[in-house]
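Trainee: The listed protein sequences correspond, in order, to chains A and B.
1039 is the number of the first residue of the first sequence in our numbering; add one for each residue after it.
1039 is the number of the first residue of the second sequence in our numbering; add one for each residue after it.
Hints in this document: simulated from the structure, not taken from any laboratory.
There's no promise every hint is true.
As the list makes no split between identical chains, a pair holds if one copy fits it or if it spans any two.
In the DMTMM-like style, the derived pairs of lysine to aspartate or glutamate whose C-alpha atoms are separated by at most 20 Å in a straight line are [as the list claims (entries may be wrong)]:
hint	residue 1	residue 2
1	LYS1173	GLU1109
2	LYS1102	ASP1125
3	LYS1166	GLU1146
4	LYS1166	GLU1090
5	LYS1116	GLU1146
6	LYS1103	ASP1059
7	LYS1116	ASP1167
8	LYS1103	GLU1083
9	LYS1166	ASP1125
10	LYS1116	GLU1070
11	LYS1102	GLU1070
12	LYS1103	GLU1162
Protein chains: 2
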Amino acid sequence: MNTEAQKAGLDWLEEVKWTSDGLVPAIAQDAETGRILMMAWMNREALQLTAETQTAVYYSRSRKKLWPKGESSGHVQKVQDIQLDCDADVVILKIEQIGGIACHTGRESCFYRSLVDGQWQTQEPVLKDPAEIYK
Amino acid sequence: MNTEAQKAGLDWLEEVKWTSDGLVPAIAQDAETGRILMMAWMNREALQLTAETQTAVYYSRSRKKLWPKGESSGHVQKVQDIQLDCDADVVILKIEQIGGIACHTGRESCFYRSLVDGQWQTQEPVLKDPAEIYK
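For reference, chain A alone in the conformation it holds in the complex:
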């Protein structure tokens, strides 16, 4: 157990089973509709910041840095609840998605494709042109 964490009341962070890379998968779910909007990864700092600010902060594995969701797009995620699974290796964020768009493609959810007749078929429209979101 990390003594610094204990002092700061962060024992709950120690209970998470981080991967060997120090990450945990985080599923963002619309708190009202139950729709799953995205899955991303968090490191310890991201999860701590998410809890402290009640706003989703992920860790970008490609950019190797903290990724405050909505930083560029304004599509921030207000966090209402953080849940942990039985194995302590996955978290859910129950969120309110500001702007109604979680996906960088301009859709509500990143899960916009379904397997139909042996093909991934797009099931929902782009709500806003990404060029308009990330200008």
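On the provided structure of chain A, position chain B as indicated by the hints.
Mentor: Relative to the frame of chain A, chain B by itself:
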């Protein structure tokens, strides 16, 4: 592109971005209520079998083998839809949870703890004693 896969009409499996270990995270969501029940991992064979049988088959990273969900417990998951995210590296299974219990602790969902006042607090009851489930 894998020619064998093309012949068998399995191009959709090639579109998934597998981890370096050949896995993809799979989120099981109750198709009716929207509740997230669990997250586990699948290898290529598990995802193919899940699609073919419309019943969830995961890959157990600890046991290093296919894990047909409900094999011991009878709590199988009937799959109604398989969704893929924008990065093609996470899938959702929309399922009907037979027996109403997804978690090995005997709860409906593996996500039964919420972060409240700096602690992971259990929010829901055990529906069935695991000793009764796995006897």
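Trainee: None of the hints should be skipped; say for each whether it holds.
Mentor: Going down the list of hints, with the structure as the test:
1. For a Cα distance limit of 20 Å, the shortest separation of LYS1173 from GLU1109 inside one copy, 12 Å, qualifies, whereas the shortest one across copies, 51 Å, does not.
2. Taking the shortest alpha-carbon separations for LYS1102 and ASP1125, only the inter-copy value of 17 Å comes in at or below 20 Å, while the best intra-copy value is 26 Å.
3. Within a single copy, LYS1166 and GLU1146 get their C-alpha atoms as close as 9 Å, which meets the 20 Å cut-off; across copies the closest is 37 Å, which misses it.
4. Taking the shortest Cα distances, LYS1166 and GLU1090 never come within 20 Å of each other, neither inside one copy (30 Å) nor across copies (35 Å).
5. Taking the shortest alpha-carbon separations for LYS1116 and GLU1146, only the intra-copy value of 15 Å comes in at or below 20 Å, while the best inter-copy value is 26 Å.
6. Taking CA atoms no more than 20 Å apart as the test, LYS1103 paired with ASP1059 passes inside one copy only; the shortest distance there is 13 Å, against 23 Å between copies.
7. Proximity of LYS1116 to ASP1167 under the C-alpha cut-off of 20 Å is found in neither arrangement, the shortest distances being 23 Å within a copy and 36 Å between copies.
8. Taking the shortest alpha-carbon separations for LYS1103 and GLU1083, only the intra-copy value of 10 Å comes in at or below 20 Å, while the best inter-copy value is 33 Å.
9. In the homo-oligomer, the alpha carbons of LYS1166 and ASP1125 lie at most 20 Å apart only across protomers (18 Å), although the nearest pairing inside one protomer, at 38 Å, exceeds that limit.
10. In this assembly of identical chains, the alpha carbons of LYS1116 and GLU1070 lie at most 20 Å apart only when taken from the same copy (12 Å versus 25 Å across copies).
11. Proximity of LYS1102 to GLU1070 under the C-alpha cut-off of 20 Å is found in neither arrangement, the shortest distances being 31 Å within a copy and 37 Å between copies.
12. In this assembly of identical chains, the alpha carbons of LYS1103 and GLU1162 never lie at most 20 Å apart, being 31 Å within a copy and 35 Å across copies at closest.
Against the hints set out earlier in the document, violations occur for numbers 4, 7, 11, 12.
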